[in-house]
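Undergrad: Sequence:
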Amino acid sequence: MNPPRLPCPPPRDVRVLPGLRFVGWGALVLSAMLVFVLAARAAFGAVESQEYQDHRQEATGTVTGMHSYEVLAKRGKRTVHEGTFRFADAGGTARTFTTIAPTKLEVGSSIPIVYRADKPDDNPQIFDDGDLQSELHRSWMTPLRSIGFVILLAIFLVWRVRREVRFARSAQAIIGEVTAITPIAGKKGPRRWDISYRFGSPIIGVRSGKASALLKPALEVGSPVAVLYDRQRKRRHRLVLSLGFVDPESLHLPQHDQPNLNS
Numbered sequence: 050m051n052p053p054r055l056p057c058p059p060p061r062d063v064r065v066l067p068g069l070r071f072v073g074w075g076a077l078v079l080s081a082m083l084v085f086v087l088a089a090r091a092a093f094g095a096v097e098s099q100e101y102q103d104h105r106q107e108a109t110g111t112v113t114g115m116h117s118y119e120v121l122a123k124r125g126k127r128t129v130h131e132g133t134f135r136f137a138d139a140g141g142t143a144r145t146f147t148t149i150a151p152t153k154l155e156v157g158s159s160i161p162i163v164y165r166a167d168k169p170d171d172n173p174q175i176f177d178d179g180d181l182q183s184e185l186h187r188s189w190m191t192p193l194r195s196i197g198f199v200i201l202l203a204i205f206l207v208w209r210v211r212r213e214v215r216f217a218r219s220a221q222a223i224i225g226e227v228t229a230i231t232p233i234a235g236k237k238g239p240r241r242w243d244i245s246y247r248f249g250s251p252i253i254g255v256r257s258g259k260a261s262a263l264l265k266p267a268l269e270v271g272s273p274v275a276v277l278y279d280r281q282r283k284r285r286h287r288l289v290l291s292l293g294f295v296d297p298e299s300l301h302l303p304q305h306d307q308p309n310l311n312s
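Counting from 50, one number per residue, gives the positions in the sequence shown under my numbering.
Heads up, a few of these hints could be off.
[Said to hold, decoys possible] Pairs of lysine to any residue, SDA-like flavour, derived with a Cα cap of 20 angstroms: (1) K265 - G235; (2) K126 - T152; (3) K126 - I160.
[Claimed, not checked] Label-pair ranges, simulated between beta-carbon atoms: (4) R212 - K283: 11 to 21 angstroms; (5) S80 - R280: 51 to 61 angstroms; (6) G75 - T191: 18 to 28 angstroms; (7) A166 - F85: 31 to 41 angstroms; (8) V199 - A137: 39 to 49 angstroms; (9) T191 - R280: 42 to 52 angstroms; (10) I204 - V156: 54 to 64 angstroms; (11) F85 - G141: 40 to 50 angstroms; (12) A89 - T133: 31 to 41 angstroms; (13) L201 - E131: 34 to 44 angstroms.
No lab work stands behind these hints, which were simulated from the structure alone. All of these numbers come straight from a predicted model, not from anything done at the bench. A virtual CB, placed ideally from N, CA and C, is assigned to each residue, including glycine.
Kindly produce the complete structure, drawing on both the sequences and the hints.
TA: And the structure:
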């Protein structure tokens with residue numbers, strides 16, 4: 050390796066990429082809207098679940114038709130049994146509905162029916178109401194889980210941005226060189242490219258690292274690359290061109306050709 054170049058002065062005024070703040074505010078607004086919609090769905094589902102409990106009614110129905118067919122599933126084909134059922138509600142009105150049965154049933158056989166007394170035609174179920182209960186439970190639990198996921202994702206993204214900005218503000222800058230560019234094979238060609246690099250100075254010695262790019266980088270072995278590193282933590286360093294949120298121009302790096310990893 051050539052004699053290491055002395056490190057550049059540490060960056061003082063670090064900025065995020067132009068437009069990132071607008072993207073962040075836009076993502077915040079969209080996240081707030083999504084949370085509002087999911088919360089409304091969760092509230093609606095909770096009300097529906099409670100209404101079902103208040104108006105739950107049982108009856109004895111009759112199988113009037115049964116049709117079986119195959120559908121594609123994740124693990125091949127599976128057989129679906131679709132039946133037509135008739136029952137009389139509490140007022141004596143005959144009602145007919147079609148739904149999926151867990152097994153093939155004999156036409157003319159009797160079967161328990163569960164329905165809503167205030168809305169007899171609104172999704173009646175055969176057998177026990179466990180499936181309907183699960184569906185009603187999911188109608189408000191799934192949006193709540195989605196809200197939690199959106200909040201955790203937002204927290205993670207904010208943490209990533211703040212972590213990278215803090216590192217860029219306190220890290221030292223130095224010029225290193227590319228030591229290897231390795232394509233990682235995928236089903237339809239390379240799925241990513243690993244760029245190995247090394248850098249050093251008389252103070253920190255020689256260090257090496259690796260970064261990844263989704264597209265073939267416009268680099269070659271021996272190309273100069275700017276690196277940010279932490280003097281105290283030997284394993285903490287990043288290629289400047291692999292930073293996702295920090296504006297490289299705000300790092301006050303020495304002038305040299307810096308091809309983009311994603312170009």
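Undergrad: Could you work out which earlier hints the structure fails to respect and list their numbers in ascending sequence?
TA: Hint check: 3, 5 fail, others pass.
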